[in-house]
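Student: So the chains spell out like this:
Protein chains: 2
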Amino acid sequence: MEIRQNKLTRQWIIFAPNRKKRPKDFRKEKTREELPEYDKDCPFCAGNEELLVHPFIIETPGINYNPWQTRVLPNKYPALEPDKSTFRSMEGIYIKMPGYGKHEIFIDHPKHNICIGLMKNEEVRAVIETYWMRYNELMKDVRNLMVIIFKNHGPEAGASLSHSHSQLISTGMVPSHLRVQAEEAQRYYDDNGRCVMCDIVGFESKYRERVIIENNSFISFIPYAAEVPFEIWIVPKRHEANFGDISEEERITFAEILREAMKKLYEKLNDPDFNYVIISAPRYKAGEPHLHWYLRIMPHLTTRAGFEIGSGIFINPSLPEEDASFLKD
Amino acid sequence: MEIRQNKLTRQWIIFAPNRKKRPKDFRKEKTREELPEYDKDCPFCAGNEELLVHPFIIETPGINYNPWQTRVLPNKYPALEPDKSTFRSMEGIYIKMPGYGKHEIFIDHPKHNICIGLMKNEEVRAVIETYWMRYNELMKDVRNLMVIIFKNHGPEAGASLSHSHSQLISTGMVPSHLRVQAEEAQRYYDDNGRCVMCDIVGFESKYRERVIIENNSFISFIPYAAEVPFEIWIVPKRHEANFGDISEEERITFAEILREAMKKLYEKLNDPDFNYVIISAPRYKAGEPHLHWYLRIMPHLTTRAGFEIGSGIFINPSLPEEDASFLKD
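Top line first, the protein sequences correspond to chains V and P.
Counting along the first sequence from 1, when you hit position 117 you're at 117 in the numbering used here, and nothing is skipped either side.
Counting along the second sequence from 1, when you hit position 70 you're at 70 in the numbering used here, and nothing is skipped either side.
If we strip away everything but chain V, and leave its shape as in the complex, we get (with noise of 0.2 Å):
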């Protein structure tokens, strides 16, 4: 057994393959082949709009003689509203605001059964781009400070609907977390004189054990701290603080690094149910030198557990290195 340390944040996370089952094991038993192409009850399926209740925000033209390809639209259960204010008040001891923010729901596709893994390369490509025209849309109302674009796949990962989609959500607020983790990106800066994902990326380059993908602008690796078994990172090799900067270049080749890890994962593990965020820098920091925006994807092939509740130290029982051969080979 082995504990090591993520380099971003200072989190210990325990390797314990006593407690493994071979990455094989980790394979779901269902699989999305079994879905139709059109489900007549879904509301994201094209032909089913009288089941929204929300116009879209907007609608990307299809290819592959699909309809449409990418909408966005509102949240019919938004978590936030989007015309509150952020300002702060007191509770008595506590601080608290009102619940400001923007939630928005992309669909990735007008099929009901196709999911990332499964598209072409020019159809997550228009994923990305839909992605890239929401944050920098958002990014334009100064009481975002973040946005936050994710996945939930699978119901174990907290999606309701089957069909592909993605979410967003912008924030009046900077999360702690967030900041915690800045302050070592920053810390390291200080001491190296170097953004510590460009040294992340470059040591993990070099030396291979746990990448799985490259392409010219993107490397895709599991984390050498990795909190979840396959959890898979996707980082600019360019060092950019902020999703929103990236170039037209770089949409077309982070769509394909993206469709291949997706890809994998839904081949090597039967479609697992997993979670994707793009964590980048927030507003006031998109020039940080020290700042560098990813693709984080979380498989749910493990339960959290009171002691990883309690103590934010995550049990592991899978080693990165062996991951990453399983999914490359």
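Keep in mind that a hint or two might mislead.
Calculated pairs, DSBU-like style, for lysine-lysine (alpha carbon to alpha carbon, straight line, at most 30 Å) [as the list claims (entries may be wrong)]:
#1 K96(P) to K206(V)
#2 K84(P) to K20(V)
#3 K28(V) to K76(P)
#4 K20(P) to K76(V)
#5 K328(V) to K264(V)
#6 K96(P) to K264(V)
#7 K328(P) to K96(V)
#8 K40(V) to K20(P)
#9 K40(P) to K76(P)
#10 K237(P) to K264(P)
#11 K28(P) to K28(V)
#12 K84(V) to K140(V)
#13 K76(P) to K20(V)
#14 K237(P) to K140(P)
#15 K40(P) to K28(P)
#16 K28(P) to K76(V)
#17 K20(V) to K96(P)
#18 K96(V) to K237(P)
Please keep in mind that the hints were generated in silico from the structure rather than gathered at the bench.
These figures come from a predicted structure and were not determined experimentally.
Chain V is fixed; fit chain P onto it per the hints.
Tutor: Just chain P now, with coordinates in the frame of chain V:
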């Protein structure tokens, strides 16, 4: 909707009652009452000692005609190993250490179908005495910087056996998670000259809308910025950083309030899956005026999804005041 800040961690929690079920909709369907008093395949049942691979570390004498009351043994699948060092080393740019730690299992009761909420007061007291004895015993070993006692109850909370049991993990490092919390508490103490948890206890016991139960030495309430529906804290009223320092009188009243809180959860929500954990000061911090131990109960009624993982912000569909009043009724 409203966003509240956790005063211990500065973490923001979004309260979105529009996404809410009514408190009683959180009730589970199954119930522990269907379990037998004895299960021939359960290694924790009295009489099945041959199913255990390790000898007991301790056993406490039976009360209420039980052959014994609690037992402690090494975990069959430990996450950590007792014969390792805590020396840090580098692996390229990363920091790691050997998997040192102790991992013990506590059998809470000889009967298969009894859980804390169904025990008699003196039986819960035996559980607490066992926690306290092992906590102090393990703190004698200077390698143990933290001793974390926790319980996983039910499969969604990570319990693989239904017989009521608790666990202890000791570690040779302080989790970054708790370090951040300690820094916040230190800052609060600098500004106010008082422990933040003492102030929380004072505020809650005055305004009472989140209080569930109270006795001479403990108070139990839903925290102002609860991460999940029906999160409950049990906090000693007297300032003490270290669980190991509680008096005999406090062990009795702690057992009473824990049993009552567990009974309420059991009855009102029909035996929900939950985790609880005792959060106590690390070694060398046990005398700090700004740290205050507490027990944190986290029922598993909602799913942690991509937004939570990425931002550390939780979305709680349930208001603490309403949850408290539902449990009190």
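Student: Are the hints correct? Go through all of them and say.
Tutor: Hint by hint, here is what the structure shows:
no.: 1; hint: K96(P) to K206(V); in the structure: 19 Å, holds
no.: 2; hint: K84(P) to K20(V); in the structure: 20 Å, holds
no.: 3; hint: K28(V) to K76(P); in the structure: 26 Å, holds
no.: 4; hint: K20(P) to K76(V); in the structure: 13 Å, holds
no.: 5; hint: K328(V) to K264(V); in the structure: 8 Å, holds
no.: 6; hint: K96(P) to K264(V); in the structure: 29 Å, holds
no.: 7; hint: K328(P) to K96(V); in the structure: 25 Å, holds
no.: 8; hint: K40(V) to K20(P); in the structure: 27 Å, holds
no.: 9; hint: K40(P) to K76(P); in the structure: 19 Å, holds
no.: 10; hint: K237(P) to K264(P); in the structure: 21 Å, holds
no.: 11; hint: K28(P) to K28(V); in the structure: 25 Å, holds
no.: 12; hint: K84(V) to K140(V); in the structure: 17 Å, holds
no.: 13; hint: K76(P) to K20(V); in the structure: 13 Å, holds
no.: 14; hint: K237(P) to K140(P); in the structure: 26 Å, holds
no.: 15; hint: K40(P) to K28(P); in the structure: 26 Å, holds
no.: 16; hint: K28(P) to K76(V); in the structure: 26 Å, holds
no.: 17; hint: K20(V) to K96(P); in the structure: 20 Å, holds
no.: 18; hint: K96(V) to K237(P); in the structure: 25 Å, holds
Comparing the model with each earlier hint shows no violations; every hint is respected.
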